[in-house]
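Protein chains in written order, with my numbering: chain A, 125 to 520; chain B, 13 to 445.
Each statement offered as a hint is correct.
Below, a list of computed lysine-lysine pairs in the BS3-like style, where the Cα atoms sit at most 27 Å apart:
1) K125(B) - K201(B)
2) K333(B) - K142(A)
3) K132(A) - K302(B)
4) K248(B) - K132(A)
5) K132(A) - K333(B)
6) K220(A) - K398(B)
7) K132(A) - K398(B)
8) K210(A) - K398(B)
If you're looking for bench data, these hints aren't it; they were derived computationally from the structure.
Everything numeric in this text was worked out from a predicted model, so none of it was measured.
Residues per chain, in single letters:
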Amino acid sequence: MARFAGGKGPFLRLADQKDHGTGIMMRDFLIGLLPVILFAWYKNGIAVYAQGNISFIEMLWPLFFVIIGGLSSVFMEAIFFYFTDKEAKTLKGLMKRIKTSYGLIPGIILALMLPVYTPIWVLMFGCFVANIIGKMLFGGFGYNIFNPALLGYAAIKFGLMGVVNAAGGYFNVNELLIDSYAGATPLTTLQFVDTLSYANVVAPYGNLWDFFFGMTPGGMGETGFAIMLLSYVWLSARKVVRWQTPLLYVGAVFGLSWLVGILNGDSGIWFPLYSIFTGGVMFGAIFMITEPVTTPKNPLGKTVFILFLAVLTILFRFVGSLPEGVGTSIIVMNIFALPIDKYTAIIRAHRWKKPAYMQMGVLFGILLIIAVYAVLKAGNVYSALILPLMQIGGGF
Amino acid sequence: MIFQKTKGIHIEGRKGMSKNNPLVEYFDPEFVYIHLLQGNCPLKPVVEVGDIVKVGQVVAVREGFGAMSIHASISGEVTAVKKVWHSSGKMVNALEIKNDFKNILDESIKPTKDIESLSRQDLIEMMKNAGLSGLGGAGFPTYIKYQTKETIDTVIINAVECEPYLTCDYHFILTYPEKLLKGLTYMMKAADAEKGVIVYKNYNVKIKKVLTELLKDYKNIELFEVKDVYPAGWEKYIIERVTGKTYQNLPSEIGVIENNSTTAIIYSDIVEHNIPLISRPITITGEGIKNPTNFYCPIGTKVSELVEKCGGYVEGLDTKKANYIAGGPMTGNAIFIDDLIINDTLGAVIIKPIIEGLHPECLGCGKCAEVCPAYLTPTEIRDAFKNKDVDLIKQLNANKCVQCGLCSYVCPSHIEITDYVVRAKGLLRKGAK
Numbered sequence: 125m126a127r128f129a130g131g132k133g134p135f136l137r138l139a140d141q142k143d144h145g146t147g148i149m150m151r152d153f154l155i156g157l158l159p160v161i162l163f164a165w166y167k168n169g170i171a172v173y174a175q176g177n178i179s180f181i182e183m184l185w186p187l188f189f190v191i192i193g194g195l196s197s198v199f200m201e202a203i204f205f206y207f208t209d210k211e212a213k214t215l216k217g218l219m220k221r222i223k224t225s226y227g228l229i230p231g232i233i234l235a236l237m238l239p240v241y242t243p244i245w246v247l248m249f250g251c252f253v254a255n256i257i258g259k260m261l262f263g264g265f266g267y268n269i270f271n272p273a274l275l276g277y278a279a280i281k282f283g284l285m286g287v288v289n290a291a292g293g294y295f296n297v298n299e300l301l302i303d304s305y306a307g308a309t310p311l312t313t314l315q316f317v318d319t320l321s322y323a324n325v326v327a328p329y330g331n332l333w334d335f336f337f338g339m340t341p342g343g344m345g346e347t348g349f350a351i352m353l354l355s356y357v358w359l360s361a362r363k364v365v366r367w368q369t370p371l372l373y374v375g376a377v378f379g380l381s382w383l384v385g386i387l388n389g390d391s392g393i394w395f396p397l398y399s400i401f402t403g404g405v406m407f408g409a410i411f412m413i414t415e416p417v418t419t420p421k422n423p424l425g426k427t428v429f430i431l432f433l434a435v436l437t438i439l440f441r442f443v444g445s446l447p448e449g450v451g452t453s454i455i456v457m458n459i460f461a462l463p464i465d466k467y468t469a470i471i472r473a474h475r476w477k478k479p480a481y482m483q484m485g486v487l488f489g490i491l492l493i494i495a496v497y498a499v500l501k502a503g504n505v506y507s508a509l510i511l512p513l514m515q516i517g518g519g520f
Numbered sequence: 013m014i015f016q017k018t019k020g021i022h023i024e025g026r027k028g029m030s031k032n033n034p035l036v037e038y039f040d041p042e043f044v045y046i047h048l049l050q051g052n053c054p055l056k057p058v059v060e061v062g063d064i065v066k067v068g069q070v071v072a073v074r075e076g077f078g079a080m081s082i083h084a085s086i087s088g089e090v091t092a093v094k095k096v097w098h099s100s101g102k103m104v105n106a107l108e109i110k111n112d113f114k115n116i117l118d119e120s121i122k123p124t125k126d127i128e129s130l131s132r133q134d135l136i137e138m139m140k141n142a143g144l145s146g147l148g149g150a151g152f153p154t155y156i157k158y159q160t161k162e163t164i165d166t167v168i169i170n171a172v173e174c175e176p177y178l179t180c181d182y183h184f185i186l187t188y189p190e191k192l193l194k195g196l197t198y199m200m201k202a203a204d205a206e207k208g209v210i211v212y213k214n215y216n217v218k219i220k221k222v223l224t225e226l227l228k229d230y231k232n233i234e235l236f237e238v239k240d241v242y243p244a245g246w247e248k249y250i251i252e253r254v255t256g257k258t259y260q261n262l263p264s265e266i267g268v269i270e271n272n273s274t275t276a277i278i279y280s281d282i283v284e285h286n287i288p289l290i291s292r293p294i295t296i297t298g299e300g301i302k303n304p305t306n307f308y309c310p311i312g313t314k315v316s317e318l319v320e321k322c323g324g325y326v327e328g329l330d331t332k333k334a335n336y337i338a339g340g341p342m343t344g345n346a347i348f349i350d351d352l353i354i355n356d357t358l359g360a361v362i363i364k365p366i367i368e369g370l371h372p373e374c375l376g377c378g379k380c381a382e383v384c385p386a387y388l389t390p391t392e393i394r395d396a397f398k399n400k401d402v403d404l405i406k407q408l409n410a411n412k413c414v415q416c417g418l419c420s421y422v423c424p425s426h427i428e429i430t431d432y433v434v435r436a437k438g439l440l441r442k443g444a445k
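Just need the whole structure built from these sequences, with the hints factored in.
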């Protein structure tokens with residue numbers, strides 16, 4: 125009679141098979157980032173070098189920048205593990221911890237969001253905020269509330285943007301030479317144009333094709349809409365992200381932007397297109413709102429989350445004073461991932477039967493109110509229509 | 013995306029190991045052990061140590077709800093009451109019967125005269141006396157389903173066998189296809205139903221071929237094909253597909269009774285020959301078995317004897333790094349010592365080496381929620397369980413979980429998420445009391 129190992133059923137696991145498991149998912153995610161890294165290198169390195177504006181060593185800089193972002197993140201996590209985790213005192217234990225913490229990804233994403241001539245110490249500060257404050261202090265991989273990369277980005281954006289601007293801001297050397305560039309990024313232009321028109325908003329930066337291929341000023345990798353379609357296809361095919369998620373987000377931003385455009389008196393399709401080509405909408409859609417830890421877990425929760433995100437993006441972008449609404453809206457919504465997850469789980473469990481109407485009504489009610497407010501406020505209807513009405517109604 | 017209907021997911025079948033080997037009959041074990049446990053109910057023995065029993069003689073009875081009798085599966089002497097392993101993963105008391113190899117039948121086993129004249133009540137009484145229970149794995153007394161007060165119009169036979177590795181139902185059907193159809197006919201009579209449906213998996217073309225041939229002589233019986241997904245063998249899944257209707261608690265609410273194919277085959281023997289439930293088919297398979305085989309053997313046989321007949325374990329199998337699974341790989345239990353005894357619900361024993369790897373934390377991908385056939389969100393139930401929040405567990409409908417195991421199956425981080433939900437259900441029961 126032989127003794128056998130115990131264990132919990134089911135005894136057949138997808139994770140045991142060769143091509144599945146969290147490690148493989150993260151590897152596929154990195155492969156999905158590869159086209160964007162290469163694009164960032166092309167746009168900020170090779171294309172500039174081809175025009176003879178920088179030297180060969182400087183051409184390699186964007187690639188180097190991304191690698192530093194990734195490696196410094198892993199290195200910081202290793203130090204953190206070494207000092208806080210008893211099992212990580214030996215090399216073997218440390219390697220095991222690093223292998224299941226996936227610190228490379230936030231670092232690389234952060235590097236791709238920053239302008240190319242950001243000083244290295246700023247990048248490292250961002251990585252510190254991202255990985256140590258945003259992730260490890262919350263309990264490590266799987267426990268963080270905020271998207272680590274975005275938290276690092278926000279810290280730089282709100283605290284150190286002056287340093288970044290002094291070092292060159294959003295323009296690479298090619299772009300510095302073009303006079304027609306008005307704001308730092310195309311979206312900042314939107315803040316000080318009088319009337320919304322193609323000539324005012326798009327024309328200074330070329331045409332819509334330039335936007336589509338991402339040859340406009342912005343973070344290193346976040347502008348390349350076309351190249352990110354490749355990542356999208358790869359990640360959906362490998363089932364690392366649900367294919368519906370990015371589609372729904374980009375679609376919702378497209379639709380709401382069109383509404384805003386119509387309310388502003390320009391119903392041309394260029395405006396919603398311009399809206400999704402800029403400000404890292406696609407980058408956020410593929411690499412950030414699909415980040416599993418900080419977004420709701422069930423399909424219904426994800427849908428609600430994305431709709432809220434799209435509405436907030438529009439709100440921040442066209443009403444608030446933050447030109448790049450994507451990152452901010454994701455950070456704000458990260459806070460609400462937990463309650464959304466809980467409510468939608470209850471709703472799902474009852475399969476649209478009676479007990480769920482209340483929660484559902486509250487969720488979509490809030491969504492609708494913000495959406496209507498955002499769209500109306502962004503369009504000038506608010507001042508033209510709603511304000512007089514309110515004054516008539518008693519001036520509340 | 014929101015209203016998605018759960019379709020189940022495809023799981024690699026791994027049935028090839030035992031599918032091509034024919035069903036082997038093995039009817040002379042030296043000892044059998046009749047568990048004094050049926051479903052979750054302890055049984056009361058009606059024989060004593062030293063008694064001589066015959067094949068088919070009543071040796072124990074279940075009392076209270078689901079009262080029925082359990083029979084000796086061989087003839088011989090009751091030698092002891094011992095604690096032996098049960099497929100639920102616990103040790104329970106069992107009657108040890110030593111085989112005298114004379115195979116003396118009990119007087120009650122005789123061909124039924126005039127089957128046509130049996131009334132509905134007679135047929136249900138036969139199920140009860142024969143101790144027939146659901147042989148698919150639930151072990152629910154079959155006659156209770158038929159005692160319903162609702163009008164039944166359809167009897168569905170589940171021949172899907174959706175769990176990987178298992179092939180015993182498949183072979184049992186191919187060996188006794190006529191008995192299956194007869195059993196279904198009697199079941200339809202016992203339920204006053206007009207229609208019978210046999211549900212099978214789309215790749216089992218052999219079943220389709222054999223049954224279509226035979227169905228020419230039977231009226232009112234249809235075949236129904238389901239896709240090769242898990243859990244296609246789930247009662248609710250099948251009934252939703254066949255009738256297009258859903259039910260809350262019991263299928264009889266919408267006029268349907270569902271039974272396993274093995275139950276139907278055994279039932280035809282019960283009706284025609286009065287042979288009670290004393291034997292069942294079982295698959296011995298897995299990567300750790302030399303020649304995986306399907307057996308047809310008396311209930312109470314030692315699994316280790318069958319394993320020996322399969323050629324034993326593969327050479328170099330480190331048993332401390334292998335699982336001994338009682339039941340299918342998705343819903344079965346791990347047994348610690350290879351001393352398991354076959355009971356009425358045990359359809360397979362699988363020996364499978366453990367694959368080791370790095371298991372990171374839950375990353376919240378939500379794949380478990382996507383595949384859940386009961387529309388639950390296992391991660392939320394896990395969190396609620398960790399916080400011992402009974403109210404939230406109740407709101408999350410955790411008791412609707414059917415423990416199909418899909419959430420753990422798809423989890424990329426190898427988290428025992430099914431186990432968390434099962435424990436949450438336990439907490440809910442405790443909280444309700």
